[in-house]
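Guided by the hints, dock chains B and C onto chain A, whose structure is given.
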Amino acid sequence: MKNKSKNISAKLMEAAPVAGLVILLGIFLAIAAAKNVNIPYSFKNIVNQSIITMIVATGAIYIYTLGAFDISLGASMCVSALVGAMAYNATQSVVVMLLVCVGCAVLISLTSSVLASVFNLPVFVTTIAMLSLLNALSLVLIRVNGTGDVIQVPAMAVMKLNTVWFKLLVMAAFTALCVLTFNYMKLGRQQKFTGGNPLCAKLSGLNAKKLSIIGFMMAGLGVGLGAFLTITYAPTLSRNTASSVGMDVIISIVFGGMPVSGGARSKIHAAIVGALSMTLLSQIMLMLNLDSGISQMIKAVIFLAVVYVSMFSSRKTILPR
Amino acid sequence: MPDIVEIKNMSKRFGPTVALDDVSLSACSGEVLGLIGENGSGKSTATSIYAGMQKCDEGTMLFKGQPWNPLSMNDALAKGVGMIVQENGTVPGISAAENIFLGETAEFTNGLFVNRKKMIEKAQNALDRIGADHINAALPAGALDFQDRKLVEIARVMEKNPDVLVVDETTTALSQKGRDIIYRIMEEMKNAGKTVIFISHDLDEIMNRCDRLTVLRDGKIIRTFNSDEFEEGAIKAAMIGRELSGSYYRDDYEEETESETVLTAEHLNLTDQLIDFSMEVRKGEILGIGGLSHCGMHTLGKVLFAAEKAESGTIKVHDHTYENEAAAMKEGIGYVAKDRDTESLVLEASIKDNIAIAGLDRIAVKKHFIFRKNENRYVDEQVASLSIKCNDSSQYVSTLSGGNKQKVAFGKWMGRDSQILILDCPTRGVDIGVKQSMYQLMYRMKQEGKSIILISEEMAELIGMSDRLLIMKDGRLQKELKRSRELSEADVIEYMI
Amino acid sequence: MKSFRKFFVLCLSFVMMLTLTACSSGGGSADADPTQKTVKIGVLVSDTTSAEALSFRSYYEKYIQSVYNVEFMYSDELTDAAAEQSAIDNFIANNCQAIISFASSDRPAQIEKCEQEGVYYAVATGTLTDDQYEQFKSYSHYVGAIGPDLAAEYQAGYDMAKHFLDQGYTKFGMFTGASVYFTEMHIYRAAGMLAAMCEAGKGDYSGATGYDIVGKIMADGGNVSTGKIGSVEVNGVVSGYDFDDAWFGKLAAVANDPNVDVLLAVGSGQTAFAGFKPEGKMLGDIDCYTADSVALMESGTLNYLAGKFSASIGPIFAATLSAVYGKPVRTAEGNALALSQGYWIATDAEMAKKYFEVDSSTTNPAYTKEKLDTLIGASYDDFAKFVAAYSFEEIQK
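Residue numbers (the working numbering), protein chains in the order written: chain A, 1261 to 1581; chain B, 157 to 653; chain C, 6 to 402.
Please note that the accuracy of each hint is not assured.
Heads up, simulated SDA-like pairs for lysine to any residue below, C-alpha to C-alpha not over 25 Å straight-line [what the hints assert, rightly or not]: (1) Lys465(B) / Val1282(A); (2) Lys211(B) / Tyr1568(A); (3) Lys1527(A) / Arg533(B); (4) Lys1469(A) / Lys523(B); (5) Lys522(B) / Tyr1568(A); (6) Lys42(C) / Thr1441(A); (7) Lys523(B) / Ile1474(A); (8) Lys1420(A) / Glu122(C); (9) Lys529(B) / Thr1441(A); (10) Lys1304(A) / Lys45(C); (11) Lys1527(A) / Lys523(B).
No lab work stands behind these hints: they were computed from the structure.
Only chain A is shown next, with the shape it has when bound in the complex (with noise of 0.2 Å):
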């Protein structure tokens, strides 16, 4: 009996994320019903926020599993978006301006990892290096390419694409190609141990390096989607596009209650259900017109909070012998 009131309660505390997600809308809908807001419009203002982040994080989930860290993703996003746009200019072709972002954000990412693998560093520190030298090169793309501080795509050709249809199908083919690897294939499992234990994982037969490259290459293609999706939502690019990803994958991650340390805890679904939350609590936050000073203090006591909760609930299931 209280071996399955234990389970009930690891149960429900593996359910926290997707509950705290569905009181979060809860409260949404009752505050936007007391303020007569425009709901139909603002479901579609969530979607559309909340996607890129969806998808770079459900991405960064292979790197974040791992144990590892990214710190460039926002830079990598941000010359995958420029290179993307430059491409699109050249060639008036937005299937071409696709494969561009997507290429460039795979190769910024294996070569993050490949160097990470061959100078035997922790990929962590690779992306460091690439952080300074993507925000140069972003820099650097905008002065010899750009109009002023700006690349820019003419708003009408990617206008069409603009659709939160078109957001959610990308989405969710992306998704579908994640949760296929991840949870029905080697590779997810794979990914877990790794992460989980490195030492324990290398004697049970497991490549880290070879694991970190696919990782990172699934990112990558996060990246990419989100670059592209980024151009059509705003086509107008700056140095400063994308920079507040870096920071809204790793939150979404956690909010998804997926650990930061990776292993066996990860999930795919943990960037969907975290990206959500954070868009409905940033929603809720403005419905309230609070100040920016403080909806920012507001988050970061709920980050606290739900770091301190997952890691709690995890020390709790040890029992000292």
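Quick look at chains B and C alone, frame taken from chain A:
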């Protein structure tokens, strides 16, 4: 003799698990009290509460007749009760000296800065005093092996000159030298009129070293034996609540018929760990490898699994060489590492994750796709055949007892039907019941034609289980001994030291 | 597992119930008098911390919101075009009827979006380029722009440099701010300064004089170079907003250069130079009126300040509200507003103090409700006349 340690009606729960149920025990000055029981019987919980590591839910404690409620382990140690814990108790990133004077570096500061030289000197003295003079106090603890880290921990406790010392299953992890150090300390304390509480799985050891022996089972005191009542069968029965049926080790001593060689290693060299080492393993053979802790046998296990590279020499399985762990696995080799929690298992992952990982190629459909049904079937087979005690296979390994953890580590390789299993100290920290079932398992595997390389620091186990026994010393093969009824520990030790 | 499912079903039911409640309470009754209903106005900002941004915000939130039936909803700090789009979406979802924008990553996209969604849009403290104005002037929801146009920015730089040149100074150091990020406002101000130097020094800036200097700076990637302009010298230039040690080091070096007598800043000069400036040197800045700038003028650290006054964003608010009330202010051709407004210029502490007192008042600011009320439903000519009389003295009249 007056009682120094008194525990009265102590109870402790961890969530739904009852760890201690109305436990009362006492130890007097000049006494070594043994505590024995299966994993999870409550011996470590009771002593760790007395040593300030955690609090009890109910009960009272006395130390030298006064109420005893230590705030922490450091507080307890400062007041005279020290404990050497079972698991790793040192901080890896700082020096051995800093570990010895953990939290007390203020003692060595002159104004702003810590006088490291003075601290290292004093720490070296503490190490020398316990007979661990081979350890350099200035080295980071992470650079020391398990045994030396344990010795650092012992030096930290003994530096405070405690009146009560709790030794919690420390000796199983140590070589003879390490054990001798602990035995000497226990003896000296006893002679000085102090108290030692000694926890061990090793029945011989505990009967030899203790004046009295208390048996715990499922959080309750079962019986206390005085030294004149020590009798192996009775103690074992008290521990597991039933008579042990069947033989402990294997009891066949027939001459092995020659069978084919499955693995050969020739002229392996690796700095001072392996020196021109050659060996072969035959089909259906249990090959024991013994020696002192530093003799190179643990490195040999890793090299045979290609987890470490030998500088020269060749290893072949059926005439195939292999370069890395994955290739070794393809050749049918499995490896259970010595350091179970850090090398063999992912603690914060389920039993399923741990068992399935080595067998993904067997579970996968069309090489890459994993379906839950196949995975569950694969894992459940191992859980059932190894009798792993758990709610279900999604339970986290961190919640299992030592014995069950080790079974999971076994299951990982049994599942993929490994033909050659390298087992490095497979019964370390495992209670008698589980130990016996592991020996039976090894024997069953042998009979199935599988080969086992059993690396161990327990001589009785090596002698009891091996068809052939290779004794290593300083990286070299010192002696090969055949299985025989007459082989004694003394015969083996002769070649080890 | 069963209880687990139950839990989800419960959560979902809870949400569905709320959705129904939310949808059923969606339709409100329409008021006959638009002024009776609180008008929600979204404000897009790309800067939330500078003194100028804070003083603008204070005017809207502490004064306008207290005297008009409006509610301002501020965005977070917007750093790129995507963030601007998201913020507009947020405002629309929250039923804002109009948006006033201080953010300029992609103004055309902002205008397009608001037109498409039927939300009034106005630009504060800035103007559109001529091409942009041509493109959007007839959009029914584009209210217009009031602020210093680029000619006014050029003039502000020109006047500041001339002020010191007239006093006989010939050795200058410059801080050109965001010119290297191609921020036109800063490029025009810098060009104005250099144009004044060309006139006084009877020389040219890399072959260019007057307005041509703008093109020259653009061609040089937003960089201004040092060198002689006839008898005038520019002996040090710093740009960007790196806020790192190297950046501060460069600023200190220019401030302390013995060949520099006057420091001119296109903005943020107080942050850039005031900390390093030795006594005896002059400092001119184009910024806003704050307690700090007044104190700096009193101490002689700052010697010239062309400042936007916080109430300068009053007329664009009035135009926006007027549009929401169904009385848009349009030109005779039915086009949106495009009016320029200059700076208040203080050349001594006395003037600065006087300006600041009016500017910082939340009860009696430069543009009070009484004055702004005259603009609601006003004709284009009256409106333009009102905005053109922006100097301190004219407003006080």
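Each hint, compared with the structure:
1. Lys465(B) / Val1282(A): violated (53 Å)
2. Lys211(B) / Tyr1568(A): holds (23 Å)
3. Lys1527(A) / Arg533(B): holds (23 Å)
4. Lys1469(A) / Lys523(B): holds (20 Å)
5. Lys522(B) / Tyr1568(A): violated (41 Å)
6. Lys42(C) / Thr1441(A): violated (54 Å)
7. Lys523(B) / Ile1474(A): Holds. Lysine 523(B) to isoleucine 1474(A) sits at ~17 Å (cutoff 25 Å).
8. Lys1420(A) / Glu122(C): Given pair lysine 1420(A), glutamate 122(C) holds - Cα atoms ~16 Å apart, limit 25 Å.
9. Lys529(B) / Thr1441(A): Answer holds: lysine 529(B) to threonine 1441(A) is near 17 Å, not above 25 Å.
10. Lys1304(A) / Lys45(C): holds (20 Å)
11. Lys1527(A) / Lys523(B): Satisfied, since the Cα-Cα distance of roughly 23 Å is no more than 25 Å.
This entry does not satisfy hints 1, 5 and 6, going by the numbered hints stated previously.
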